[in-house]
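S.K.: Sequence:
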Amino acid sequence: MADVLPLVEARLRSALGEPDARAAVTFLGTDRIEVLRFTEGDVVRYATLGMSAQPMADPTAVLADPVKGPRAELVLSVRPGTADTDKVLRPLAVLAASPQVEGLIVAPGASLDVGGALWP
Numbered sequence: 001m002a003d004v005l006p007l008v009e010a011r012l013r014s015a016l017g018e019p020d021a022r023a024a025v026t027f028l029g030t031d032r033i034e035v036l037r038f039t040e041g042d043v044v045r046y047a048t049l050g051m052s053a054q055p056m057a058d059p060t061a062v063l064a065d066p067v068k069g070p071r072a073e074l075v076l077s078v079r080p081g082t083a084d085t086d087k088v089l090r091p092l093a094v095l096a097a098s099p100q101v102e103g104l105i106v107a108p109g110a111s112l113d114v115g116g117a118l119w120p
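For what it's worth, our numbering labels the leading residue of the sequence shown as 1, then goes sequentially.
None of these hints come from the bench; they were simulated from the model.
Heads up, the beta-carbon is just placed ideally off N, CA and C, and yes, glycines get one too.
Heads up, a few of these hints could be off.
Okay, the calculated beta carbon distance ranges per label pair [claimed, not checked]: (1) Lys-68 with Asp-20: 31 to 37 Å; (2) Lys-68 with Asp-42: 37 to 43 Å; (3) Thr-39 with Pro-66: 34 to 40 Å; (4) Gly-116 with Pro-66: 30 to 36 Å; (5) Gly-41 with Lys-68: 23 to 29 Å; (6) Val-67 with Ala-15: 30 to 36 Å; (7) Gly-29 with Gly-69: 16 to 22 Å; (8) Ala-21 with Lys-68: 30 to 36 Å; (9) Arg-90 with Arg-11: 22 to 28 Å; (10) Leu-76 with Pro-6: 21 to 27 Å; (11) Ala-15 with Ala-83: 21 to 27 Å; (12) Gly-115 with Pro-6: 30 to 36 Å.
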């Protein structure tokens with residue numbers, strides 16, 4: 001199976017433009033998760049890159065299929081004001097790592113919880 005992350009990044013760039021910043025987070029036992037920041041006008045978008053590296057699989061399955069299974073990335077759009085929205089980078093990376101850490105399968109319309117505010 002080819003590495004899908006370059007394809008995902010190319011698609012993000014074609015849809016959102018060139019990122020003006022990026023940060024990487026690695027949690028113990030997980031692959032690297034990057035968060036890219038795209039600024040267009042008065043909207044800032046944060047997109048994860050790394051959540052889709054492996055297909056999400058049922059944690060109770062005896063053997064995870066390395067090809068089948070849904071893949072996803074997260075995109076958060078905000079209008080910056082007085083809050084420092086860049087503080088959302090780590091919580092967003094935590095959410096993106098949840099399929100690897102918790103075996104969570106993220107589907108359209110799913111709710112994800114970090115147990116508090118995304119940023120102070």
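S.K.: Hints first: check each against the structure and report whether it holds.
M.R.: Hints versus structure:
| no. | hint | verdict |
| --- | --- | --- |
| 1 | Lys-68 with Asp-20: 31 to 37 Å | holds (35 Å) |
| 2 | Lys-68 with Asp-42: 37 to 43 Å | holds (40 Å) |
| 3 | Thr-39 with Pro-66: 34 to 40 Å | holds (36 Å) |
| 4 | Gly-116 with Pro-66: 30 to 36 Å | holds (34 Å) |
| 5 | Gly-41 with Lys-68: 23 to 29 Å | violated (39 Å) |
| 6 | Val-67 with Ala-15: 30 to 36 Å | violated (25 Å) |
| 7 | Gly-29 with Gly-69: 16 to 22 Å | holds (19 Å) |
| 8 | Ala-21 with Lys-68: 30 to 36 Å | holds (34 Å) |
| 9 | Arg-90 with Arg-11: 22 to 28 Å | holds (24 Å) |
| 10 | Leu-76 with Pro-6: 21 to 27 Å | holds (22 Å) |
| 11 | Ala-15 with Ala-83: 21 to 27 Å | holds (25 Å) |
| 12 | Gly-115 with Pro-6: 30 to 36 Å | holds (33 Å) |
The structure fails to meet hints 5, 6 from the earlier list, while all remaining hints are met.
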